[in-house]
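**Q** Residues per chain, in single letters:
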Amino acid sequence: MVDFPLLTAILLTPIWGILVLSVMPREADKTIKMISAVTMAIALGLTLYAYWAYDVSLGGLQYIENVPWIPELGVSYALGVDGISLPLLLLTMLIGFSTIFVSWNVEKRSKEFFIQLLLLIVGAVGTFVSQDLFIFLLFYELGIIPSYIMIVVWGSSERVSKEYAAMKLTIYLLLGSAFMLAGVIALYVNAFPAGMRTFSMQVLAQAHAVGNLSENVQIVTFLLLLLGFGSTLSMWPFYSWAPDGYAAAPTGVSMLHAGVLKKIGGYGLIRIGLLILPLGAKFWAPFIAFFAVVNVLYAAFVTIAQKDLKYIVGYSSISHIGYILLGFAALNVISIDGAIANMFAHGIMTALFFAMVGLVYEKTNTRQVQSLGGLAHQMPRVAVGFMLAGMSSLGLPGLAGFIPEFTSFLGAFKVYPLYTLLAISGIVFTALYILRVLANVLFGPRRVEFDTCRDASGVELVSLVLLGTILVVVGVFPQVLMGMVNSGMEPVMALLVKLHVTPALLGGVVQ
Amino acid sequence: MFNQYALSHVVLIPLLPAISFIIVGFFLRRLPIVAATVSVGMSLISFALSLGVGYGVIAHNITVENPLIQRVPWLSIAGLKVDMGVYIDPISAMMLFIVTLVALMVQIYSIGYMRGDAGFGRFFAYLSLFASAMLGLVIAVNFVQMFVFWELVGLCSYLLIGYYFHKVSAREAAKKAFITTRIGDFGLLVGILFLQILFGTLDFQQLASNVPAYVAQHGTNLLTIVAILLFLGPIGKSGQFPLHVWLPDAMEGPTPVSALIHAATMVVAGVYLVARAFFLFSALPNAMEVIAWIGAFTACFAASIAFTQRDIKRILAYSTVSQLGYMMLALGVGSVTASMFHLMTHAFFKALMFLAAGAVLHGLPDKNDIFAMGGLRHKMPVTFAAMTIGVLAISGIPPFAGFFSKDEILLAVSQVSTPLYIIAVVTSFMTAFYMARLLIVVFCGSEKPDNHPHEAPMSMRIPLVVLGILAVIGGYIPYANHFGDWVRFGLASHEGLDWSIAATSTVLSILAISLAWHIYGSGKVSPYNLSWRFGALYKLSFRKYYVDEFYLWLNHTFVDGLGRILNWLEIHFVEGIVQGAANLPVGLGNLVRKAQTGKLQRYGLIMFGAMLIIVVWLVLLSPLFRGALSGGVY
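Here the protein sequences line up with chains A and B, keeping their order.
With the working numbering applied, the first sequence corresponds to residues 1 to 511, in that order.
With the working numbering applied, the second sequence corresponds to residues 1001 to 1634, in that order.
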């Protein structure tokens, strides 16, 4: 029992689910959904156990598994999680579990749908648990192709056609992953001499310390990674795939993409960018901080002008990514703690938002704000979900979004006072568009045309209750999340302190 | 014995309403009677505990310098430790008393006022949540705790203003309140971040001991900016100019809400914050001056608007803004005692007046305009008595509560600045005038024939009587019992009544009331003629100096305008580039060979070509590769 391969079990559970689904007859619609749900319930349960059993006081990588795979290339099946990846793994499972129920009404080719949904989840899980760059990339790519198919087959066309949106998303992400690949190869080649080369993140993280990675190499490599992870994270100006992609995708895919897959970008920036290439991170940090502010404000203003609920959530999500980027760019423990926690909080919040938008769309057949109104009369539960997501989005204390934002602001304020000030002003604009949406969609006179719409019930409530509860619990007891995240970042403190002392090429980082 | 228990269980005071919120909100929404019973019961226990705390503070000699503090860790990461806790000193004990008392009264009142409303359970759930958040704010041990509950009371305010969410006006007012206060909270948040960075702590007690040393070492320049940023929060929350615009609109909420949140408790949170952080503000003369002037201006400005308003609740709302200005003014001139004293008496008489106004609206449904009322004193004697007490109290007529607290403020102001004193006195005159106008127009004169008013039910009359008694004696009793020795900052500054100031303000108030009677009561002067003669001024005041219109214009022009411009760019420019980039390979491909399968492959081809170049370049760049070339270690 001591060496029970917990992470492998977590990773394999949805894969078994896929295998079972693939031999199911396609007519067994209910069974397919039940199998998916059970699969994800087991995976979520295992992950919750992993989160609970993780020793925060000890910190560091835990549940380690390491089996050499291609020794000639230094590739191994290395798994492990720490305070940085475990919250994101939990996020994946929480949202993944919810998406099964959100997609409960998918009738068309449900077998293929759920297989690909589980594939997406496997892809995300794999990136978060792997400690080997090769495997990391493998799993990352796994998420892109199903996205394309799912958008084209099960998506919807509004502002742009779903084919166009799917193509755009795919190209952006593939292009990004190509840059990522280049970065990883550059890293692989430069970090250690031939014969000692490895894809192990742990070993690569030592390369800087032993002086194998010169500043120039780090800077170039980090740029490649930044282009890759930046497009995943929808950093300005590589965000254009996101709103169209989310809008066209079926609800479950929007939730997974905005809630989870996007976070792989932020995770990669920290795990690979910062921990392996600290000098590169330091060089590019001021630029990232600048783009972060552009993300926050530009996307916030674009959101203000949107009329389609999915575009509102999509652009709003891009705006919030700015806070994560800013937290990262400040390169101190508090701010990165905030950034990681924000990835979790933002993921839950956005997923809940998309789930609610999906419900509204399913029931009213419209996502246009001006054709909606007064839905709180007919659908009070959906209204509660909307309110929770909206309030967390505008950073209301008591919900998950506040402490992550507060800590990233606090950490960033020391380093980039002006940028942080501008970013904080975003909370006012966020409040403006969120409250407008809530007002125009939920409140106002009762509209008779929606009287036939039934409130959320049964499986539709799963995502609302689960994600809403998480928002409240993490908001009221932030230590549950922050303690975990901090245990992941505290060991990095020495590196960050040293980083701030060494002079930078560009004087953006001040003590 | 009980006060010992209360002091060690202060946390129950906010916790009980929170429990009530959960029980009522999740399980009792369909059972109005049970919901109200649970809610009122919890409030009653909270109130009893607050009384116990009050006695405990006196019995155990807990003073401002020697507070009782309990903390539990809430958040602890490298470089940031935040506690939640309980901070009991005479100031917070007084606030606990006020909040639990008014919350209890308003809940009792609401049983009658909200009877038969479809959202009865929801209403009591919100009220409980509000009480809990407000009490959590009062006992805050640090800025984070204060900010957390500060935002939560804002949420409750939003929910309760928009309680009648089928009304577009209520919906819009709720939104406006949230966004306007958010602007202030932006400053507050930045100020808090500054404090954490400058002092490494946000704990009130630790900050209080660190501020003097910091000021001695670094001067006050930066700290003054920080203090003013912090003060933006109170400007928003306490409806100070220029962020006062939300408070009158907040009257869209049910009247008990206006009494509780938008008169007696939440709106004074800003005043309370400044008092709580007085160790900081009082060390910064320039910040104090800003506070004093904003307070004085707000007091006078709001009073001049209240002059011409016709909606009974809006008149009261502007009067609240004005009185909050008074409290800020008192703080700005350095008198926590006067400010807190007025905060307390104001809570009594303003809650009283709102509840009386609610009784009027209950008796005359769908009428807000005071000129559509008239002669209500016969049919609604209790309400009439309550409103009269309230008006006399706010006008500062002895021996009503407002007299003592207002005198305390005027005294403190007169010692600091003559211009501010004049503004305060003029405001006091105006206050007496417009409040008397309200009273006379609504209750005197002849009844309107198509009005059929009726007195409020028992559950609504009890709070009127209780608050009415407090509005009479709530000034003299604290005054006679050395209020200023307890609720203060620094040395006790209670000096007894200054008879010349008291006499001046009293005489002026009586003059103002007579003037109002002359115009609105006697019928000798026609108010319509007056408004016609001062047409421009009248209109300026009636339209609230067009501040709302100005903000609306700003918002539509700049915020929405920028949004539209960026969205246009987004669709036409950014999208254009994306499409151009996507079409580029196709175009290039077409040059070479026509009719291939599709875009994606071409795109991928180009992509991988580029990748290859980059990889090769990087490999060539790597020192090891170069080393290998030259040294031949390969």
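Be aware that a few hints might be false.
Claimed, not checked - No farther apart than 35 angstroms at their CA atoms in a straight line, the calculated lysine-lysine pairs in the DSBU-like style are these: (1) B:Lys1448 with B:Lys1524; (2) B:Lys1167 with B:Lys1524; (3) B:Lys1367 with B:Lys1379; (4) A:Lys108 with A:Lys414; (5) A:Lys307 with B:Lys1448; (6) B:Lys1167 with B:Lys1448; (7) B:Lys1544 with A:Lys307; (8) B:Lys1539 with B:Lys1367; (9) A:Lys414 with B:Lys1367; (10) B:Lys1539 with B:Lys1379; (11) B:Lys1448 with B:Lys1379; (12) B:Lys1081 with B:Lys1167; (13) B:Lys1081 with A:Lys498; (14) A:Lys363 with B:Lys1167; (15) B:Lys1167 with B:Lys1544.
Unchecked claim - Here are the computed distance ranges between Cβ atoms for each label pair: (16) B:Trp1553 with A:Ser57: 37 to 45 angstroms; (17) A:Pro237 with B:Thr1220: 53 to 61 angstroms; (18) B:Asn1286 with A:Glu362: 55 to 63 angstroms; (19) B:Glu1447 with A:Val476: 50 to 58 angstroms.
Quick caveat, the hints were computed from the structure, so don't treat them as lab data.
The beta carbon of each residue, even a glycine, is placed where N, CA and C say it ideally should be.
**Q** Could you work out which of the previously given hints the structure breaks and list their numbers from low to high?
**A** Those not satisfied are hints 2, 4, 5, 9, 12, 16, 17.
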